[in-house]
Amino acid sequence: MFRFFLSAAALVAPLSAAAAETVRFIACPIYRDADSGKKSGCWLADDPATGTRYDVSLSPHKPDWNYAVMVEGIVSAAPPAPCGGIVLDAVRTSRLYDTPCTRHMLPAEGYPGRRFVLPKRNITPSSVARPVPPGPYGERVFPVYFEFGNDFLVYQYSDYLIEQASNWIIAAKPKKLIVTGFAATQPTVISGRSMAEPAELATQRAETIAETLRRLMPGMPIETAADTSGSATQDKDADGLPDQSRRRVEIKALF
Amino acid sequence: MRKISLMVAGVAGAAVFGQLGAAAPERWWSPGEGRVFPASLDYPNDHGTLRVLVDGGPVETKGHPFFEPLGANGRACVTCHQPADAMSISAATAAERWNKTGGKDPLFAAIDGANCPSLPQDRRESHSLLIERGLFRIQLPWPVRQWNGRPVTPDFTIEVMRDPNGCNSGPNYGPAAGNISVYRRARPVANMKYLLAVGFPFDPKQGFALPRDPDDGSMMSGNIMADNRAGNLRIQMEDAAHGHLQFAKGLNAKQIAQIRDFEMRVYTAQQVSKQAGALDSMDAEGGPMKLKNSQPGALGSIGIPVWSEFAKWEKISPEDAKTLTPEQLAFRQSVARGARVFREKMFLITDTAGINSRIGFGNPVRNSCVFCHNMSQMGNDVAPGQVDLGTTTMPFADPWRDLPLFRITCLKAPHPHYGRVIYTMDPGFAMTTGRCADVGKITLQSMRGLAARAPYFSNGLAKDLRGIVDYYDRRYNIGYTEQEKQDLTNMMSAL
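Heads up: the sequence lines are chains L and S, in that order. With full-length UniProt numbering applied, the first sequence corresponds to residues 1 to 255, in that order. With full-length UniProt numbering applied, the second sequence corresponds to residues 1 to 495, in that order.
What the hints contain is simulated information worked out from the structure, not anything from laboratory work. Any given hint could be a false lead.
Claimed, not checked - Simulated restraints on C-beta separations:
| no. | chain 1 | residue 1 | chain 2 | residue 2 | range |
| --- | --- | --- | --- | --- | --- |
| 1 | S | L411 | L | P48 | 29 to 39 Å |
| 2 | S | G149 | L | L106 | 49 to 59 Å |
| 3 | L | G135 | S | N252 | 45 to 55 Å |
| 4 | L | V189 | S | A413 | 23 to 33 Å |
| 5 | L | R193 | S | M394 | 29 to 39 Å |
| 6 | S | E238 | L | G192 | 53 to 63 Å |
| 7 | S | N477 | L | P119 | 20 to 30 Å |
| 8 | L | F255 | S | N293 | 39 to 49 Å |
| 9 | L | T22 | S | I302 | 30 to 40 Å |
Stated by the list, open to error - Residues of chain L placed beyond 12 Å of chain S at every Cβ, according to the derived structure:
| no. | residue |
| --- | --- |
| 10 | D47 |
| 11 | P48 |
| 12 | A171 |
| 13 | V189 |
| 14 | Q234 |
Unchecked claim - For lysine-lysine, the following DSS-like pairs were computed, each having C-alpha atoms within a straight-line distance of at most 30 Å:
| no. | chain 1 | residue 1 | chain 2 | residue 2 |
| --- | --- | --- | --- | --- |
| 15 | S | K315 | L | K39 |
| 16 | L | K39 | S | K312 |
| 17 | L | K39 | S | K485 |
| 18 | S | K290 | L | K38 |
| 19 | S | K312 | L | K38 |
| 20 | S | K345 | L | K120 |
| 21 | L | K38 | S | K345 |
| 22 | L | K38 | S | K315 |
| 23 | S | K274 | S | K312 |
| 24 | L | K38 | S | K485 |
| 25 | S | K193 | L | K38 |
No experiment lies behind these values; they were computed from the predicted model shown. In this text, a Cβ means the ideal position worked out from N, Cα and C, and glycines have one as well.
The shape of chain S in the complex, shown without the other chains:
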């Protein structure tokens, strides 16, 4: 049995479907096409093969509100949450779609698939942020409003310093018009039980017990959206239907239940590595089946260590090693080392709101990647993960001139790390709370299926997996060796 699985591992890095004689599925899922979503779907990517698993079997998409166009612009949820892209959408896919349709696909709807609706919509450059960096325009109310529409009085002012796309100034857009546009990646709609899981009853970063779900009274994880503006799936769906789909009528209870049912059943993870072979072979536990079968919300430091899925590859027996090519063996060992580096390489985390303030871990605090990426099997944060890594905020972020730049002035206490005046391309969580101390905080991203959905970070700051490592290395002056960087990159390609 073991030999058979090894043989499968050996061939699986190539085009799986071709080798098995079946046609590769059409990558792009168009709204309303009526395909049955099978229980398991495999999609090749640059690093191997992603598997999308639906717990409970196939889903009939005809008439299903996740897959049907609901609003005025012809989009469905699936438009921006493509199975081949780990239920997100990569910049490469957006570019392919532009090339294939000449920009006619609903993906490029002016509402958020353009840099600004006021730009000429038939031009590629009007959609450059989506095509080149996978970014959608997110229009948020200003002054800040809570999810229930209740106004919040911000403790900061906001001024537009740079408006390259015209969506933060003029009569229709920007603070003077009662809104602010930021640009963000679509978060994956998969492995949702982990994103909704609550490990402890408190949010130590905010200093409160977790808020309650207005629908069922359970505690909310705070890990669904980049700025935590929607605490439960119903609110997120309504926000998306209204904003991204331009569905004026709004979702009904049955549609919400159907979408939730699908989202809670779908799991994604890399299943096969081009270099290593099957990620669940030789007692490794990669792939989405592990996610389907595991309990969510467990803290790795007191339970199953994060990315211990690859622990068995740390010591591959000579007998097993003989069944692998030298390249496969080396890559597997690298993935296993990367997991250990992720957990054990300590560095000084400094000047990072959500870690070094206001919570009392100290500034600096010595820890590893797993300090924040702490949930077993997933690497998201057991506590709500609103942290400011600096990816959107000066001086740490790349100063991209095609994104807006805002000047935030704190009206009460200065920000503990940036001071009274902050320059940012996306205030992040502060646009939900209205607090200066939350400027630049973004909810930690899910780490599964990374291979399928470049670029990375909320604003696509890292164009590839190595770019993630390089950003952390310079942000925190970690001093990774070249080998450690490669091991971390390889490990992330296997998630």
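The following block holds chain L by itself, in its conformation from the complex:
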């Protein structure tokens, strides 16, 4: 079985990568108990439409084995050696807390997992002085992204983006901020399920980020707004995942 997955992955991965194939599906996640130190366990998910097993471990927010995940990712040419699935990179796994799963754990079966490395988007300790972002300063928008159905700050992703924004805003001294929450309210069929975010999530996202900005920048005038149009962005920090980019907050600095 182990060899089968390896060879199947080896065949599929390069072809898929060449076409930069994007996948989106819902599945119960599988945890592989690989052990190369902290956070080195693997997360796998099988696309129910094809049976293809994907390695979704590189998502900034990881699955919960008690619940289904919505997987959104770009098929990578990376070898499946760490975990035993076609590697998705970039990838997002959104926990679907309304869909229970039977928890399932595979042994390592020779797969080492990945040694933890600090993600490229991480914040430095407060004791480290931040460089002042260069001007010129003018109207600017900073996006922040979320899991499907969630307004929770994503560790080592959303916090990084917010801090980048706040550093710039503190230096630029805009007159006020408008924080607009977006929700992907248009139904989309994924793995046979119609998936849409509730409209009120746009407001919740705006309020969540506004509260964080108030704490980071006391005294800064902040207004909130909501947008349920489901528009996407091409922002580089969305990592080429347009559906993820529909679930965002935009922090607009006005002068």
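Since the structure of chain L is already known, use the hints to place chain S on it.
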């Protein structure tokens, strides 16, 4: 010089004061007794000697609001924050105090030193939770109120399923009377600069930037109280003065400043191990001086590894080994191994709110003790440490029948790990936030001075240090070997 310190190490495990010819200090500090608090105080305990260090020299306690009785019940802050108990209070000390005073000490004040004020106060069994497990009654408002008195609409209901002490039902107590009683250990008032330290501007467990101190605008660590109901020392003092001291008048600004000054200057840690000798010998860095001289708030994983204070004992040279007894050598090596096990023994952390949800580490996530106990020199959490280990909540907690049991029903989304209905003896952080997702979360405890202040966890679930290891082992199915358990226990006895 080295030989001299080794010799001191060799004898220090015994009664230090007796050997030096000085009288051991009176262990118990009574309110208003007027003793001068010296710059350094040593107290023997079952594992060796605890040192209490006051940065900046002795403190005149006469007239000092930390040491003077302020309220109606004759207590002072020091009543429940005893130097010999690492500025907390152990169950053993409470029992001794009962035996010595027949329950007349202000420690046993009905307000929270009894299982409930409605019980006959002259009976030992009315104070059993304090005497046997070091637990004080904490009365919290229901529905939840914020620190500033602002009401919070909880997203859960609470029902009292079991009320063994009468403090969660009846006309004066319980949800119907606008309050809920839980039972908790006193947290140590020492090494405060670490508990107040902020390593990063975000609380990843709550998904927000850290809140600001209403007094000085700085970011608040969230690590002072078990349920984080007070974010800064002033609020904590006012809460304690009003509740524990029954000080109706309230603290004035000068008193608050005096108490803060003392709390920011006092450090505690185990200084001498009975089995190992001096914990700062042979290049080890145990003891409170290290705490006084180090910078707080550093994350061990990107700086100085947690409990690397004992790294030099991993490889004790043959020359040094000759100066130790075989028992001392073995214990030192065990402490060093324990520190490494603490950092490096990986296990699957599962179904733990604050780790596996809502933050996106995944459920499960493979990591070690140091994943949460991550601050260099202290082992508390650089991020606010509100985590549900299950120590107060079914099915993980011990089902103690002398504690109340509540049924929580989540009104919106179910709890990600417990579901819609939760049975708990203490809702913890949820009593501050009003959120079902926070039920059972308790702020991580300071790990210094553990040897002096059993029992452990917020509700005294572990009666000794080995009990801590055993709880984690069964909660997370870690599979520690007997040697690893012993090494972890020995290491914790040296903190």
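Against the structure, the hints:
1. A beta carbon spacing of about 33 Å between L411 (chain S) and P48 (chain L) agrees with the range 29 to 39 Å that was offered as a hint.
2. Separated by about 52 Å at the C-beta atoms, G149 (chain S) and L106 (chain L) satisfy the suggested range of 49 to 59 Å.
3. Under the hint 45 to 55 Å, the C-beta atoms of G135 (chain L) and N252 (chain S), about 48 Å apart, fit the expected range.
4. Between V189 (chain L) and A413 (chain S) the beta carbons are some 24 Å apart, a value that agrees with the proposed interval 23 to 33 Å.
5. In this structure the supplied range 29 to 39 Å holds for R193 (chain L) paired with M394 (chain S), their Cβ-Cβ distance being about 34 Å.
6. A beta carbon spacing of about 57 Å between E238 (chain S) and G192 (chain L) agrees with the range 53 to 63 Å that was offered as a hint.
7. Between N477 (chain S) and P119 (chain L), the C-beta spacing of about 29 Å keeps the proposed range 20 to 30 Å intact.
8. For F255 (chain L) and N293 (chain S), the Cβ-Cβ distance of about 47 Å falls inside the hinted range of 39 to 49 Å, so the restraint holds.
9. At roughly 34 Å, the beta carbons of T22 (chain L) and I302 (chain S) sit within the given window of 30 to 40 Å.
10. Listed as a non-interface residue, D47 (chain L) keeps its Cβ farther than 12 Å from every Cβ of chain S; the least gap is roughly 20 Å.
11. Look at P48 (chain L): its CB is around 21 Å from the nearest CB on chain S, clear of 12 Å, so calling it non-interface holds up.
12. Once the 12 Å rule is applied to beta carbons, A171 (chain L) is consistent with being away from chain S; the minimum gap is 16 Å.
13. Every CB of chain S lies more than 12 Å from the CB of V189 (chain L), the least distance being 24 Å, so the non-interface label holds.
14. Distance to chain S confirms Q234 (chain L) as a non-interface residue, since its nearest Cβ pair spans about 24 Å, more than 12 Å.
15. Between K315 (chain S) and K39 (chain L) the CA atoms are separated by roughly 29 Å; this keeps the pair inside 30 Å, and the hint holds.
16. For the given pair, K39 (chain L) sits about 28 Å from K312 (chain S) by alpha-carbon distance, which is consistent with the 30 Å threshold.
17. The suggested pairing of K39 (chain L) with K485 (chain S) holds, with an alpha-carbon distance near 23 Å, which does not exceed 30 Å.
18. Taking the CA atoms of K290 (chain S) and K38 (chain L), the gap is near 28 Å; set against the 30 Å cutoff, the hint holds.
19. Of the pairs offered as hints, the one joining K312 (chain S) and K38 (chain L) holds, with about 24 Å between alpha carbons and a cut-off of 30 Å not exceeded.
20. Distance hint between K345 (chain S) and K120 (chain L) is fulfilled; the C-alpha atoms sit about 26 Å from each other, no more than 30 Å.
21. For the given pair, K38 (chain L) sits about 9 Å from K345 (chain S) by alpha-carbon distance, which is consistent with the 30 Å threshold.
22. For the proposed pair K38 (chain L) and K315 (chain S), the alpha carbon gap of about 25 Å is at most 30 Å, so the pair holds.
23. A hinted pair counts as satisfied when its Cα atoms are at most 30 Å apart, and K274 (chain S) with K312 (chain S) qualifies at roughly 19 Å.
24. Restraint check for K38 (chain L) and K485 (chain S): the C-alpha separation of about 20 Å stays at or below 30 Å, so the hint holds.
25. With a C-alpha separation of about 29 Å, the suggested pairing of K193 (chain S) with K38 (chain L) holds against the 30 Å cut-off.
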